[in-house]
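A.B. asks: Protein chains in written order, with numbering that gives the first Met the number 0: chain A, 0 to 417; chain B, 0 to 417.
These are calculated hints, taken from the structure and not from any lab test.
It is possible that some hints are incorrect.
Same chains, same names: a pair is fine if it fits in one copy or spans any two.
Mimicking DSSO-like on lysine-lysine, the simulated pairs with C-alpha atoms at most 27 angstroms apart in a straight line are [to be verified]:
id: 1; residue 1: 84; residue 2: 161
id: 2; residue 1: 216; residue 2: 14
id: 3; residue 1: 249; residue 2: 39
id: 4; residue 1: 395; residue 2: 39
id: 5; residue 1: 249; residue 2: 29
id: 6; residue 1: 250; residue 2: 14
id: 7; residue 1: 269; residue 2: 242
id: 8; residue 1: 342; residue 2: 269
id: 9; residue 1: 14; residue 2: 269
id: 10; residue 1: 144; residue 2: 84
id: 11; residue 1: 144; residue 2: 14
id: 12; residue 1: 416; residue 2: 84
id: 13; residue 1: 144; residue 2: 347
id: 14; residue 1: 39; residue 2: 250
id: 15; residue 1: 395; residue 2: 119
id: 16; residue 1: 395; residue 2: 14
id: 17; residue 1: 269; residue 2: 249
id: 18; residue 1: 347; residue 2: 269
id: 19; residue 1: 269; residue 2: 250
In this text the structure is predicted, and so the values were computed from the model without any measurement.
Protein chains: 2
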Amino acid sequence: MSILIEDVLLDGERKNIRVEGNRIASIDSKEGADTVIDGKGKAAIPGLINTHTHAAMSLFRGYADDMLLQDWLSSRILPLERNLKPEHIYWGTKLACLEMIKSGTTCFNDMYFFMEETAKAAEEMGIRAVLSEGFVDLLNPDVGKERFQSSISLVESIRSMKNDRIVPALGPHAIYTVSPESLQMVSEYAEKENLLVHFHLSETEDEVSACVELHGKRPVLFLEEIGFLNPNLVAAHSVWLNKEEIGLLKKHDVKISHNPVSNMKLAVGKAIPYTEMKEAGLLVSLGTDGCASNNALDMLETIKFAALYQKAYTGDPTVLPANEAVAMATENGARALGIDAGKIAPGKLADIVLIDLTAPQLHPGHNLVSDLAYAVNGSCVDTVICDGRILMQDRKVEGEDEILERANEAALDLVGKV
Amino acid sequence: MSILIEDVLLDGERKNIRVEGNRIASIDSKEGADTVIDGKGKAAIPGLINTHTHAAMSLFRGYADDMLLQDWLSSRILPLERNLKPEHIYWGTKLACLEMIKSGTTCFNDMYFFMEETAKAAEEMGIRAVLSEGFVDLLNPDVGKERFQSSISLVESIRSMKNDRIVPALGPHAIYTVSPESLQMVSEYAEKENLLVHFHLSETEDEVSACVELHGKRPVLFLEEIGFLNPNLVAAHSVWLNKEEIGLLKKHDVKISHNPVSNMKLAVGKAIPYTEMKEAGLLVSLGTDGCASNNALDMLETIKFAALYQKAYTGDPTVLPANEAVAMATENGARALGIDAGKIAPGKLADIVLIDLTAPQLHPGHNLVSDLAYAVNGSCVDTVICDGRILMQDRKVEGEDEILERANEAALDLVGKV
Numbered sequence: 000m001s002i003l004i005e006d007v008l009l010d011g012e013r014k015n016i017r018v019e020g021n022r023i024a025s026i027d028s029k030e031g032a033d034t035v036i037d038g039k040g041k042a043a044i045p046g047l048i049n050t051h052t053h054a055a056m057s058l059f060r061g062y063a064d065d066m067l068l069q070d071w072l073s074s075r076i077l078p079l080e081r082n083l084k085p086e087h088i089y090w091g092t093k094l095a096c097l098e099m100i101k102s103g104t105t106c107f108n109d110m111y112f113f114m115e116e117t118a119k120a121a122e123e124m125g126i127r128a129v130l131s132e133g134f135v136d137l138l139n140p141d142v143g144k145e146r147f148q149s150s151i152s153l154v155e156s157i158r159s160m161k162n163d164r165i166v167p168a169l170g171p172h173a174i175y176t177v178s179p180e181s182l183q184m185v186s187e188y189a190e191k192e193n194l195l196v197h198f199h200l201s202e203t204e205d206e207v208s209a210c211v212e213l214h215g216k217r218p219v220l221f222l223e224e225i226g227f228l229n230p231n232l233v234a235a236h237s238v239w240l241n242k243e244e245i246g247l248l249k250k251h252d253v254k255i256s257h258n259p260v261s262n263m264k265l266a267v268g269k270a271i272p273y274t275e276m277k278e279a280g281l282l283v284s285l286g287t288d289g290c291a292s293n294n295a296l297d298m299l300e301t302i303k304f305a306a307l308y309q310k311a312y313t314g315d316p317t318v319l320p321a322n323e324a325v326a327m328a329t330e331n332g333a334r335a336l337g338i339d340a341g342k343i344a345p346g347k348l349a350d351i352v353l354i355d356l357t358a359p360q361l362h363p364g365h366n367l368v369s370d371l372a373y374a375v376n377g378s379c380v381d382t383v384i385c386d387g388r389i390l391m392q393d394r395k396v397e398g399e400d401e402i403l404e405r406a407n408e409a410a411l412d413l414v415g416k417v
Numbered sequence: 000m001s002i003l004i005e006d007v008l009l010d011g012e013r014k015n016i017r018v019e020g021n022r023i024a025s026i027d028s029k030e031g032a033d034t035v036i037d038g039k040g041k042a043a044i045p046g047l048i049n050t051h052t053h054a055a056m057s058l059f060r061g062y063a064d065d066m067l068l069q070d071w072l073s074s075r076i077l078p079l080e081r082n083l084k085p086e087h088i089y090w091g092t093k094l095a096c097l098e099m100i101k102s103g104t105t106c107f108n109d110m111y112f113f114m115e116e117t118a119k120a121a122e123e124m125g126i127r128a129v130l131s132e133g134f135v136d137l138l139n140p141d142v143g144k145e146r147f148q149s150s151i152s153l154v155e156s157i158r159s160m161k162n163d164r165i166v167p168a169l170g171p172h173a174i175y176t177v178s179p180e181s182l183q184m185v186s187e188y189a190e191k192e193n194l195l196v197h198f199h200l201s202e203t204e205d206e207v208s209a210c211v212e213l214h215g216k217r218p219v220l221f222l223e224e225i226g227f228l229n230p231n232l233v234a235a236h237s238v239w240l241n242k243e244e245i246g247l248l249k250k251h252d253v254k255i256s257h258n259p260v261s262n263m264k265l266a267v268g269k270a271i272p273y274t275e276m277k278e279a280g281l282l283v284s285l286g287t288d289g290c291a292s293n294n295a296l297d298m299l300e301t302i303k304f305a306a307l308y309q310k311a312y313t314g315d316p317t318v319l320p321a322n323e324a325v326a327m328a329t330e331n332g333a334r335a336l337g338i339d340a341g342k343i344a345p346g347k348l349a350d351i352v353l354i355d356l357t358a359p360q361l362h363p364g365h366n367l368v369s370d371l372a373y374a375v376n377g378s379c380v381d382t383v384i385c386d387g388r389i390l391m392q393d394r395k396v397e398g399e400d401e402i403l404e405r406a407n408e409a410a411l412d413l414v415g416k417v
């Protein structure tokens, strides 16, 4: 199967992008193809990569806002989560995938429950996904040993799908919900099996204080001590870090997933220390977090929030310029997740998004990178190709109506049980 | 002329909204109408009101980002502005109106140059506008007297249009660009002629320090002293205020226009003191500012930024909840500009926006107000009615292609001359 995108704007020039199978074959193709897409009036950008979310939480969108983090979690989110069933996860993930595709995301890194359902939903929707079970032992290593079996089962189950698009990973939740013994167990298994580890790191100041109280040192120092810092670690949030911790994260090549919208909405107290991270050479990618704390999955919106929150927080409008913010959501996301995408170049995976240049926000069009960062949102995405397959064209995604209806039913069912 | 919007979601119930002429006649109509709109799958909300922008700066979108405010202004914006001609303003405003209509804005408060062109463009686009010339005397009252004639001419010229939708106002730029004598002159004329006064207040800390140095007191105290504080004053930004100043603004019933996106992008150093303003009973509305410092005119995006920036800045996720943020962009905007709109109720001006509920971000739909504040952006707007006239239906606006083309040409012409 081949696709030819004719006469599309790519890095300021008109190109013919040719896709063969699931890879980009050429960007100056003169050959025909099985499917030809007219790229006139469109720009091609790499598919956006969301490095931290909980897709099925789309069912919680708008259910609990404007609350203190602890209230929000204990009085609203946890009661719903206790009633989650596989079918909720399946339809919640389909709704999330629909929203992601419609806003140009071609790959997401997810940690949640009943992840076989997430895998099935993502496989059917055609999107790329890195999936881990949210692993929690409530600081009891014995519970950890038992529960870890289901994380391993998920890895095996995803591997048995034999679909390169759906990648298994491990998801130890956080330092305050997983015992050090279990963190070590996860880390060792990840190294042996060559798996990514998806983790929440230093989202709040309380989390840091609790760690200092319990272990006598800050989270990153403690995690280094137990051997948890590795190049395969994707650390979501990473807000409350000092310079020493940033240095350690770099030393072990840990990847950061920054979630500016969630951080602002839950008021975690500050913005990530981006300038220090950049100076240290840390890889910073972007995530939306789940819909309960965002409440959207629009990565183009997230790019704008990332850039503007840094400027506002530091008082320096030159920090995190447009090109760096866009790179976070493309190249850096791909590197964080070890996906051979994030750029449109021959040999790369064919994860391509076409932007409709007729949107007024893209005019007069002095600078496309600036417009992507500051002027548009996901609605300017016209076409999405993932792994060489067209998932959306003219903003139409297959099965949309059924997904909306079934996700609504799932949410009603869930809320009705609380 | 009458319009009937059948079976549309309004405040949680299915309603039939009937428009007669330029007013809402009924919300439970059983009569027919000249034009019937099927409201199924849609929700009706008041048209959004943007209380601070410089519409024609849409031509500058993406031309200068990520710069220090002073650099940005002196090396990029002012050189362009020196070359502005009436036709640039006309097409820049048309582009801005197109973007505003497509994102649900039905009324904007604008201050800029060649405002007869803005008036003409807004009149043709069918949108409601409050228009003032940006008045600057560089602290020389003699220059002020001379230049003020063109502000008066604009008022007369707009009045001669005899279009209630286009409202003249006065636009003294700021305390650092207009002499106290001229501010007094503007204020007296505004009172006599019953005009709104559109003003930039305390956007940056430097502005406050300079005022203290020059006049021995903070801006709001000085403005009260010279009699500039009045109920007809719309004070854009209003970031750097202390408690005493907030009290004085309330005492004189001054209206605030908060511009969170611009404040964050230009890194003005802090968020507005919203809680103190709310406690004092100040009216706070929302603006986008111009496209050179935002770079979009999407009020639904601005609502999200307003709510999240307050939470992030104060560290309190309960501050500025969804309903207050949405009210800022609707009711409060209408009250700030003295427009009898901002609510959907019999007798109000027929400025109505229909939201397409099939967008995935509006599912599962636990809470429409939350979804409007946090989940959607302007792209979920399907239909826009302003002053009883349909400006957009099915996201189509008349003359769209020509506007994009001519605005691009205008921008190229402008940049080419620098």
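A.B. asks: Each hint: holds or not?
C.D. replies: Here's how the hints hold up against the structure:
1. 84 with 161: Only inside one copy: residue 84 and residue 161 sit 25 angstroms apart there, 62 angstroms across copies, limit 27 angstroms.
2. 216 with 14: Neither: 54 angstroms inside a copy, 60 angstroms across copies.
3. 249 with 39: neither (42 angstroms within a copy, 54 angstroms between copies)
4. 395 with 39: Answer is both: 18 angstroms inside a copy and 20 angstroms across each meet the 27 angstroms cutoff.
5. 249 with 29: Classified as neither; 44 angstroms inside a copy, 68 angstroms across copies.
6. 250 with 14: neither (40 angstroms within a copy, 62 angstroms between copies)
7. 269 with 242: both (15 angstroms within a copy, 25 angstroms between copies)
8. 342 with 269: Answer is neither; intra-copy 31 angstroms and inter-copy 36 angstroms both fail.
9. 14 with 269: neither (42 angstroms within a copy, 44 angstroms between copies)
10. 144 with 84: This pair counts as within: shortest intra-copy Cα distance 23 angstroms, inter-copy 73 angstroms.
11. 144 with 14: neither (53 angstroms within a copy, 57 angstroms between copies)
12. 416 with 84: Classified as within: same-chain Cα gap 11 angstroms, cross-chain 63 angstroms, threshold 27 angstroms.
13. 144 with 347: Neither: 39 angstroms inside a chain and 65 angstroms across chains, both beyond 27 angstroms.
14. 39 with 250: Neither. Shortest intra-copy (45 angstroms) and inter-copy (57 angstroms) distances fail the 27 angstroms Cα cut-off.
15. 395 with 119: within (21 angstroms within a copy, 37 angstroms between copies)
16. 395 with 14: within (24 angstroms within a copy, 29 angstroms between copies)
17. 269 with 249: within (21 angstroms within a copy, 31 angstroms between copies)
18. 347 with 269: neither (36 angstroms within a copy, 43 angstroms between copies)
19. 269 with 250: Only inside one copy: residue 269 and residue 250 sit 24 angstroms apart there, 34 angstroms across copies, limit 27 angstroms.
Of the numbered hints listed earlier, those contradicted by the structure are 2, 3, 5, 6, 8, 9, 11, 13, 14, 18.
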